[in-house]
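Asks: If you want the building blocks of each chain, they are given just below.
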Amino acid sequence: MRVGDIVEEFPVVGVDTSALVAARLIAKDRRPGIVVTEADGRPKAVLPASQVVKFMVPGYVQSDPALARVMGEVSADKLAERLRRATVADLLPNPPMELAVVKADDTLMEAAAIMARLRSPLCAVIEGTRIIGVLTASHLLELVCGDDRG
Amino acid sequence: MMVVAIVIFTVVYILIASERINRVAAALGGAGLMLALGVVGADDAFFSQDTGIDWNVIFLLFGMMVIVGVLRQTGIFEYVAIWAAKRAGGRPFRVMVLLCLITAVASAALDNVTTVLLIAPVTLLVCEQIGVRPVPFLIAEALASNIGGTATLVGDPPNLIVASRSGLGFNDFLVNMGPVVLLMLLAFVGLARILFRKDFVADPEQVDRVMQLDEREAIENPSLLWRSLVVLALVLAAFSLHGVLHLAPSVVALLGAGVLVAISRLRPESYLAEVEWATLLFFAGLFILVGSLVKTGAIARLAAAVGGVAGDSVPAAMMLILWGSAALSAIVDNIPFVATMSPVVDQLVRGNGPLGGQNGLWWALVLGADLGGNATAIGASANVVVAGIAKRSGHPISFWEFTKYGSLVAVVTLGIATPYLLLRY
Numbered sequence: 001m002r003v004g005d006i007v008e009e010f011p012v013v014g015v016d017t018s019a020l021v022a023a024r025l026i027a028k029d030r031r032p033g034i035v036v037t038e039a040d041g042r043p044k045a046v047l048p049a050s051q052v053v054k055f056m057v058p059g060y061v062q063s064d065p066a067l068a069r070v071m072g073e074v075s076a077d078k079l080a081e082r083l084r085r086a087t088v089a090d091l092l093p094n095p096p097m098e099l100a101v102v103k104a105d106d107t108l109m110e111a112a113a114i115m116a117r118l119r120s121p122l123c124a125v126i127e128g129t130r131i132i133g134v135l136t137a138s139h140l141l142e143l144v145c146g147d148d149r150g
Numbered sequence: 001m002m003v004v005a006i007v008i009f010t011v012v013y014i015l016i017a018s019e020r021i022n023r024v025a026a027a028l029g030g031a032g033l034m035l036a037l038g039v040v041g042a043d044d045a046f047f048s049q050d051t052g053i054d055w056n057v058i059f060l061l062f063g064m065m066v067i068v069g070v071l072r073q074t075g076i077f078e079y080v081a082i083w084a085a086k087r088a089g090g091r092p093f094r095v096m097v098l099l100c101l102i103t104a105v106a107s108a109a110l111d112n113v114t115t116v117l118l119i120a121p122v123t124l125l126v127c128e129q130i131g132v133r134p135v136p137f138l139i140a141e142a143l144a145s146n147i148g149g150t151a152t153l154v155g156d157p158p159n160l161i162v163a164s165r166s167g168l169g170f171n172d173f174l175v176n177m178g179p180v181v182l183l184m185l186l187a188f189v190g191l192a193r194i195l196f197r198k199d200f201v202a203d204p205e206q207v208d209r210v211m212q213l214d215e216r217e218a219i220e221n222p223s224l225l226w227r228s229l230v231v232l233a234l235v236l237a238a239f240s241l242h243g244v245l246h247l248a249p250s251v252v253a254l255l256g257a258g259v260l261v262a263i264s265r266l267r268p269e270s271y272l273a274e275v276e277w278a279t280l281l282f283f284a285g286l287f288i289l290v291g292s293l294v295k296t297g298a299i300a301r302l303a304a305a306v307g308g309v310a311g312d313s314v315p316a317a318m319m320l321i322l323w324g325s326a327a328l329s330a331i332v333d334n335i336p337f338v339a340t341m342s343p344v345v346d347q348l349v350r351g352n353g354p355l356g357g358q359n360g361l362w363w364a365l366v367l368g369a370d371l372g373g374n375a376t377a378i379g380a381s382a383n384v385v386v387a388g389i390a391k392r393s394g395h396p397i398s399f400w401e402f403t404k405y406g407s408l409v410a411v412v413t414l415g416i417a418t419p420y421l422l423l424r425y
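Protein sequences appear in the order of chains A and B.
Reminder that position 87 of the first sequence reads as 87 in our numbering, one-by-one numbering, no gaps.
Reminder that position 341 of the second sequence reads as 341 in our numbering, one-by-one numbering, no gaps.
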């Protein structure tokens, strides 16, 4: 089986897209992340959901997790505040992570190897330079392990 | 051999100062070269008190790093800082004063870098709650940490080097540096009121938000907190009782670290993460480099030159060392500077000349090196660490913004140190 046979359609965002819009796309259908593309449509990065969550947490709490406890209850509005002021470019890790990308004719093992090495919850699938969809880790596990009925 | 030693030392020093290569690599590379070329032998480097690695300093640093590694997991810093901000009613100037005093006191008992690493995140939280710009608070804390660290033997790494070389103890530091540091902190608070006056405007509605923080939540394990505080108090008491116990500070720190590790039951990786192995190796390399200069007689010549410039005058020698150390510590790391200068001062103080037996020279070196670090953004490790935290939190501190405030504070504190040294010694 080739990656191209099982590719899923997935929304993509550009670096200038609002961070809140990207977060909502991830939240919808509980996706593990989203693919970020260059202006010409080439994949630029995989933005995992965890990276978006990390951005919402103030730097001082990341440095000192004990501060999360002293802050008590923080409203959802307050948590989302930073996303409203940011774009996808702000969410991307700095320095940039290597892009998790496979070709449509690659095997499942090749895709698994890339996801494992980059600890990425999904990888972009390309044909030439054009992105045709993604392969998620959960989809890959479903294909490999089947469901509990099998 | 003296020429070889001076050339290697100078090249390494330039590499460290210019940050062209990693400072640990430069110091260890230079030390290796000294050994390979036979400037010093293994006995000189590893077993000699005059020309070798000062194991007292290395193990004192190591012990204190382990103690801090346990202590920082107790949440005590977060608790005290938030409690203080609430006591200040969220009013910005009062908050700054209390946070700076906490930083200064903690820096005297622990090391400066750890203190600012612990206090800076809480400061960012408090500033966000009361709606003020955090940059002045962070700068003030770095400056307070360098001033507070001057007061004790364990407060700043240069003090450890001076203490080990001079034989001056914990109480000597407290008695000789404590009063003048208190005076400097008072002056610093007044200066902060003027320097940062534009930044003390907070939104009254937001000020109440700081009162909603719950500092008690910072303490997850009260039992660990109490055990750690008891051990720290015992360690500080043992430093102070050196005359009775006859235990070297390094032994006290190692015993304290050992006891704390045993009773904390924490996993080794959690407290060992606090040990800065790179700093310990840097010290080891530096000691071999400086030891080579001592062995070849270069330090004796430098001491004679300094003595010659100062003449027979103790005040002139103290001022030369104070202001010279301050100027150099503002632009280069004060640790290699003090490592080089302490054997020079040692020769002057041990000699039979007019400068012999004058401990004021040691205090001039401590004050100059520690306070000079405040003058620029790169003058002290605490300044660099604070600038890094500020940048990561989206509030970058420019080199010149820090230097504008820091240089003024350095000049004022050195201005206080000048009459203090002249009148007391």
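Hints should not be assumed to be uniformly reliable.
[Said to hold, decoys possible] Listing some non-contacts, in silico: residues in chain B with all C-beta distances to chain A over 12 Å:
1) Val126
2) Asp214
3) Gly356
[Stated by the list, open to error] Pulled a few chain A residues facing chain B out of the computed Cβ check, cut under 7 Å:
4) Tyr60
5) Ser63
6) Pro65
7) Ala66
8) Val70
9) Gly72
10) Glu73
11) Val74
12) Lys78
Simulated from the structure, these hints should not be mistaken for lab results.
C-beta: ideal position from N, C-alpha, C; glycine also.
Asks: Which earlier hints can't be squared with this structure?
Replies: 1, 2, 6, 10, 11, 12
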